[in-house]
Each structure stands twice: as C-alpha cells, then as structure tokens.
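Engineer: Chains as they are written, first to last, in this note's numbering: chain Z, 106 to 362; chain R, 178 to 581.
Possibly wrong hints are sitting among the right ones.
[Claimed, not checked] Heads up, simulated DSSO-like pairs for lysine-lysine below, C-alpha to C-alpha not over 30 Å straight-line:
1) R/Lys407 <-> R/Lys555
2) R/Lys350 <-> R/Lys260
3) R/Lys580 <-> R/Lys403
4) R/Lys350 <-> Z/Lys347
5) R/Lys403 <-> R/Lys551
6) Z/Lys341 <-> R/Lys350
7) R/Lys289 <-> R/Lys407
8) Z/Lys116 <-> Z/Lys361
9) Z/Lys181 <-> R/Lys457
Calculated from the structure, these hints are not laboratory results.
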Amino acid sequence: MNRINYLFQQKNKNVLSVFCTAGFPELHNIVPILEELQKNGVDMVEIGMPFSDPTADGPVIQYSNTIAINNGMMLKVLFEQLKGVRAKIHIPLVLMGYLNPALQYGIDNFLKDAHTCGIDGVIIPDLPMYEYETFYKEKFEKFDLQNIFLVTPQTTENRIRKIDNLSNSFIYIVSSNAITGGNNDIQHAQEDYFKRIQQMQLKNPTVIGFGIKDKQTFDTACNYANGAIIGTAFIKAIDQSKDLPTSIRHFIQTIKQ
Amino acid sequence: MENSMSKIQSNSIFQVDEHGYYGQFGGAYIPEMLHPNIEELQQNYLDIIYDESFQTEFLSLLKDYVGRPTPLYFANRLSTHFKTQIYLKREDLCHTGAHKVNNTIGQILLAKRLGKTRIIAETGAGQHGVATATVCALMNLPCVVYMGEVDIERQAPNVKRMQMLGAEVRPAKSGSRTLKDATNEAMRDWIANPVDTHYIIGSVVGPHPFPDMVARFQSVISKEIKIQLKEKTGNENPNYVVACVGGGSNAAGAFYHYLAEQNVQLIAVEAAGHGVNSGKSAATSQLGRVGVLHSSKTLFMQTEDGQVVEPHSISAGLDYPGIGPLHAHLFDTKRATFLSATDEEALQAVLLLARLEGIIPALESAHAIAALDKLKAKENEIVVLNLSGRGDKDLDTYIRELKL
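Looking at chain R on its own, in the form it has when it is part of the complex:
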C-alpha cells in the first residue's frame, strides 16, 4: 500500500531535530506537569503513525470518510482574471468543510493506540472543534472542547454542531476569552488529567511533537498535489504554492512536500485585519517577536514586556497571536514569502471566487485568494492555491459585511 506520508526529507533543514527545533524555533517549553504526556508522544508518535496498520486505517478513513483525494481543480475564469494559471486544491470539499479533519483523524487513531479514553481540544471559530467532535463520535470517545466565551457567542452554529455530535463545549472564561485562552484551558485540563486524556491540538503549534505531527498528518495535501499536478501538467512542481496562515496547519500541509524543492515558491498569507499597522491585525510575521507561547519558541505578537497581545482578524481561524515554529523558521530563513490581506480584501475575494468559479470559500481561505493580486505571477506560471475550507460557517458574516 502506498504510504501517504513518508519519512523522507528527514535530513532537511526544514524538519525538526530530535528536540523539536526548526532552526531556533520550536522545542517543548512545558511545565513539568505535562512532561510525561509529551514524552510519551515524543517517543511514540513516529513509530505509531508509520506502523502499517495505522497507515491502512488512516488512509482508508481519509478516502472513505473524509472523501480524499480532494480534487485539484484548474480555475479557468480565476486564472483569466489574474492572468496566470491557477489550480485550487479543494480542501473545502473535505467532510466537515475544511482540512482540519485530516489531523483529527490522525490524532484520534494515535490516541487510541496510546490507550487514551478521553479527548480534549481547543477551538477558535469551531472548525477544529467540529472536526474533533466528529472523530470522537466516530470512535466513540468522550470529547470536551474548550472555546472562548466570546467565540461561543459569535460562532453559535458550530457550538450546536459540536453538541449534536456529542461533545461537551466548555467556555474559556479567562483572559481575553478567545482562542489563546481556550488553548490555555485545554492545557490546564491536560495537566489535571495526564493519564487517560489526549489533547488533539488543531494546528502546527504547541510543544514538540505537535507541530511536526500535525504537519505530517496534513502533508497528505501536498502529497496529492504533486500527483495531481503531474497528471494535469506533466510536472509535479508549480511555481507557487499559496496558503493562508493562522497557526498554519493548512499551509504546513500544502508546503510539506515542497519544502526541499527550492524552485517552488512558498507563499504564506496572514490576516492583516484592519491593516498591518492599524493596531488591529493578526499579521504575526510582521508584528511578532521571538518568544515562548503555548510551549513553543516562535514568533508571536507581544508587548515590550512579553505579554501576549490580542490579534484581530475578521476570520476567527486566523485570529491567533502566533504562528507555528515551522512557519517562523520558513520566515526567518526566507524559504517562504509572507504576504497579508486585510479583512476587506478577504471579503472582496470571497465574492470574486463565488462569482467567477461558483465556489464560496471560508474567510480564512479567502485571504489566500486576495493575495493573488500581490503575487504578480506571470501568465505561463502555475499557482497552486490551497482552498482550505468552505464558506458555510461564515454566512452570517457575509450577510452582515457584504450587505447581502
């Protein structure tokens, strides 16, 4: 059976070392209370996920349950509009509406093999929470999802989805009551329940091995792109791979098998909010400094004194003050180019894709579309854009902001 993930590139400078560092970024800055859980994962994750029975089950669920491979679609009218060749990787067609489920399927299979009987997760907009609640229903495991009190109010339908799937949604009432606080609460739960519980982190953030593990589960995206692009163009490498970055899991998946291909330009698109220098932004690579947040050394937005600054983006999935350590390293080494799109540009991109291609994207993915304008790709160049999620969850925002 073909392995959807492989250990190749293990010597690449873009892979973690044994202590979980990408260059100077990463590591596992965990309190001692989490040491046994993290050590257990560090010592076992590669053996478990490359075990044949794991791969068989993982690939079969990705195919029959998630609906993979997702199409790589040549977007004809969008290409004409931007005067270049654009392919959309249709992660929006995954079960539950986004790429998030690739990771939750992988992690729940891992949790079962570790003998864990209870699952916790954090969620911002609710997409990762829904993807986690979904796999917990599938595997009959109890599920607690932490969600900021503010987010619970602004993402009510996803709260109901999680509850329908049998998950308990617990409000994070501390701090700013958003995604970073939900992450803190999930970590506190894990500290209190170190033996029976697995924490399914939703992005390429947190202590080692989470960034690497989540990137490997999401790497199925670029694995498929290579095969599909070769079928369509005769060449598995495009000129550009474009993806939006909040924590960075869909970008990590779309970039993964291209990291060592220096002729492929990797484009990460952050949320500029009201504008990078407006004070209401989530453009971490531009506004962040190196520090330690959520157990990882990475770039994040902070005050001079090292207190975490609340980001702003219209897109809840990009509304995170940091980026994963892989992306910090890609930024630092200039392997990836970081662009940004404002709330308004993203909203216009939603309409553009809807009108030109009949696809309503998620607000997160719309940031990647909005960046196409700034990319200035040539007419004969090939751009692969990871369309990470669909827009159903954002309909209320679209109705309100686009005055529909």
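Here chain Z stands alone, though its shape is the one from the complex:
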C-alpha cells in the first residue's frame, strides 16, 4: 500500500505535514532535516524542488529557492541525495515544485528516479488538470506516483468532484486566495469554505495549506480537514539556524504542544 494511503488509514486527524525546500539552508541539508522531522513526530514531508520563478509562492519560499539554487541544488543532485533515504525514513515523502525543471530533467526520468528513491507523490502547482490528464496521467500511474491536486476557495463543486475522482492520496486545500506565507489568521469566510469542502464528504482525505504557521492556525485547520501543511513558518524557523536539530525540535514542539 502506498505510504500516503497507509498514513491516512492509521491517522485521520491532526496529520502534520511540513514543507521544506531541498538545498536550503545548505546544499546537503534535506536528508538530515527529514530525519529530524520524522524523529519529532511529523507525519509527512513535502520536499520543495527549487525554481527561479515560483509564481504561487510568497517571498520567503522564493528566497529559500534562490538560496538553494545558488547552493547548487538541482534535480540531479536532489535524486542523488535521496538515494537510500528509505533506509532511514518511513513517513510519506512528496515532491513539490514547478513543472519546468521536471520537464528539462525529462518527465519519464523524473518520475522513474522519484519512484526509485521512494517518493510517494508529487505536487506540481502549475500542472493543471487538463494537461495532467492529457499528457502525464499514464506516466504517473506507470511509476506508481500519486499526483496531488490543489483546491482553492474559487474552485467549483464540479471541479472538486473531478479532482477527487482523479486523486488517490489526498487533496491539498489552499486556505485562501493567496500565495504561500500569508500573515493573517484564519477568518470566518475561510471557515465557511472549509465547512463547504468538509460537507462534500470527498473520498480522499484533505490537508489544508497556505498560511498555516503556528499551533493556533494548525489546530483550526485540523478542525476541518485531516491535517495541515506548514511551509513558510518552517523555512523561517530554520533560516540562519546554527543548530538545525534544535531549531527543528523547538519549532515542531510549538505546533504539537
């Protein structure tokens, strides 16, 4: 069974997922970071594949991408680093990033190498449903990788149903009309939107992301979904860290306390 499906079968509440840009803050940090996250009880990790022009992301994640690219991170290097990661890491791992670097790597090679490293799913924000179904779906299935779709406050019910049918892992609920790293607390209008999704009783679990930054926003999100994803706040927590294990432990403790 796919590790993502297994996770949600074992745990359908308060799933804590963390996003971290590969190659940040330093080139070889990602595997040690995965180990610390797993050790501290994180349930799943999105590994960010850096891109020079991350249109759906805010300044903090773009900054981490720039640092990572300058450090020499590229897909070739990332897959090299992730070889053998499954000897240490058992939680689900998802790759998240923009389409172009994967295209240049060659989509077949990308999916094959991801599969070989033990990656469970892929989130590509700029790969929409039409293009996925027309050009890429068969390839994803061939390499047993789950494609994870985003849903936003503007996504129609019909389209959410279609996304639910195309998915076999979880659905990423974007919390508001915003890029990553928003500063606001969760508002009433957002809660209405979360409730609307909740009432649709989708077949896939849901995870809320964008703007989840602390215990309060995490807990609120978890009232309406199976879990939540923290990205920008984690990047900030490890930026300039002199001691990654301690920084990570402290950060995760503030969420799980």
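Guided by the hints, dock chain R onto chain Z, whose structure is given.
Structural biologist: Coordinates of chain R only, in the frame set by chain Z:
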C-alpha cells in the same frame, strides 16, 4: 461597420486550438488559484470581442483616441540606402508612443464587460505600464503596475508618467527585479484578488487565452497594412513583413493577417545583446529550449536544470527570456525567419533612420531596421517594417551610448 478583426483563419495551423495550443506550444499551465479567472476569460473572450457593441467602441477609440489608422509610409531614402522598397508602418505615431495601446484599449473594454473594477499590469521599460495607466485613467479604473526595482531605476520618466496618470507603481523586489519578476508579482496579485481584478498582460505571452487575445487586438496592424499597401502598390501582400520580437506583440499584430499567405516572408528580429553567443543576449529562438514559463509552453532561455536565465538587451522592451507561443510555433515550423541585431547595430540603426527619414525610432524598433541589412531583399521587392514605437523614451540611452 467594418470589423477590424475577424474570425477568419480559424482553421489555420497558425491559430490556437480550443486549449490554447499553437502546435506543441501554448496552453495554460496555471496554478489552480488562477483557474476561475482564466476559465472565465477562455469562455468569454471571443464572444465579447466580436460583439457588435464592443467592436463599435473599440474601433471608435482606436480611431479617435489612439489615432488609427497609423500611416503606411514609403521610406524613400531608406529604400535607396538598402536598395529595396521599404514601407514603414507607423505604430510610433500611436497615442502613448507605441503599438502597446491597441491591446490595452481592447483589454480594458473586455475587463469592463466582465465586471472587473481593478486593473493590474506588469511592465519592463514602462511602455505597457504607461499604456495601461492611460486606459485606466480613461475608464476611471484603479490601476496597479508592477515593475522590477532595477527597471524603476533605469526608466524613471515612465514611472512618473504612470504616476501622473493615476497609477500606483509597485516595485518587484524578488528574483532579478526585472520584467520576468514584475510578471511573477502581477500573477501573485491576481491570485490574491481573483474576483474583482483583471490582469492586462502586455504581450502575446502568458496562459491561454492571452497570447491569442493580445494577437487579435494587435492584428489591427496587419489589417491596415493590407488595405494601405493595396492602395499604394495595387497588391496587399509585400514580399517581407519585418518586426522586432521581445515577447512578440507587435510582430504578432504585423504578421497576423499574413500568417496564411505563404508567399509573404515573415521576419522576426530578436535582440542579440552583445552578440548571440556572448552570454549577454536575448535571442530566445537561438538560445532557448522548450519549457513552461509564465504559464505557457514555449521557448525560453534556461539552465540545463530548467531555471530561467536573465536575458540582456540594451532595449528594455526586448529584454525578456522567452517568446510567445505563436512565435515559438512560427520558428518551429519555419513559417517565420528569425534574425537578430546586436545592441550596437540597433544604436546605429537609430541614427540611420533619424538621418535618412527624420524619424527617431524606439530601441526595440531599431532592431528591425538593423536587420534590413541582413535581409538582402531585391531592388523590386517590397518590405513592410513595423515601426513599433518612437524613441522619446530612449533619449537618455541615446545621449549616453551615442555620445551625443
């Protein structure tokens, strides 16, 4: 009333299919956050722009406000110099100084019909920003223009123009702080404001339907050329149509009604910067590879790993790492011939046109002039060159670079 644009050629291989592809190029590689906006546009743009009331208002503004039709001028001394027959399509005489306003007029009328109450745009040199700020003043809509911090410094007069017109100029501080980053910031704004805001993209780039929509608004250029050239020569088709290409909106407009005319050679001129292989160039067709940038599958300059490479051109309007998907398709199918001109060649072409014809062109358009030398057109052949903009905005550069 005569329709300035028509749906003809809709079966042509040079038109987009229903998903926005020109051959393998185009599409709408948008994050889900932009899906409703893009879908709304995709489903409505053709119905809106071919509606009679839209056409009436559009054509009347092009005539009375922009000053269309722009002249097609036989450049006698330039023709003698290059030993061929050269006609200049005088887009430089448009209100605001370039062809850009054809598109912003079209898009603001579209935005109003979609019920949008706020306009955003990206700009590099500031020409599209000024053209957008202009139509927003005209239509009394609030306007935010994103501009790279670097460009704000090097194009100060256009920043002031936009502000005089009531627009807010917001610096793009991310990445390389130039046009591509201004485009990213505008997209982020649109993600955050999906209901009330329309994003007026300035070139034939971005997700479908922008490339097709902008090409249709700019197609008035080749529509007029056909009529004017027939009046002057008895034949609506020249041997060559020449235009510069950054993203490619003026070239798309100048080529549009000639796309299916196989006996008309289409010549796209890119900015070679310091030289195509110098590492400081914007000659995308020579240096680019197929990939996805700004929501479109097209040719753009990138590293082996797919990171966008910063281009270089002395002309801010050509300083873009990609070309629109229509142009990528024209290049791929060899329907258009791609030439390039260096910074230095463009500067010399500015002086040449000034001295021979009394016209100071924009740096972008000067690249097209510079390519005439490489065209080797015969004496009896007819060349139409799209003079996309005037040189007022580049005066500082001319003073500095030409040591005036």
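Engineer: Compare the structure with each hint and give your call.
Structural biologist: Going through the hints against the structure:
1. R/Lys407 <-> R/Lys555: Since the Cα atoms of R/Lys407 and R/Lys555 sit roughly 20 Å apart, the hinted pair holds (cutoff 30 Å).
2. R/Lys350 <-> R/Lys260: violated (48 Å)
3. R/Lys580 <-> R/Lys403: violated (40 Å)
4. R/Lys350 <-> Z/Lys347: The given pair, whose Cα atoms are some 27 Å apart, holds under the 30 Å limit.
5. R/Lys403 <-> R/Lys551: Cα-Cα ~25 Å, so holds.
6. Z/Lys341 <-> R/Lys350: Distance of about 19 Å is within 30 Å: holds.
7. R/Lys289 <-> R/Lys407: violated (36 Å)
8. Z/Lys116 <-> Z/Lys361: holds (15 Å)
9. Z/Lys181 <-> R/Lys457: holds (26 Å)
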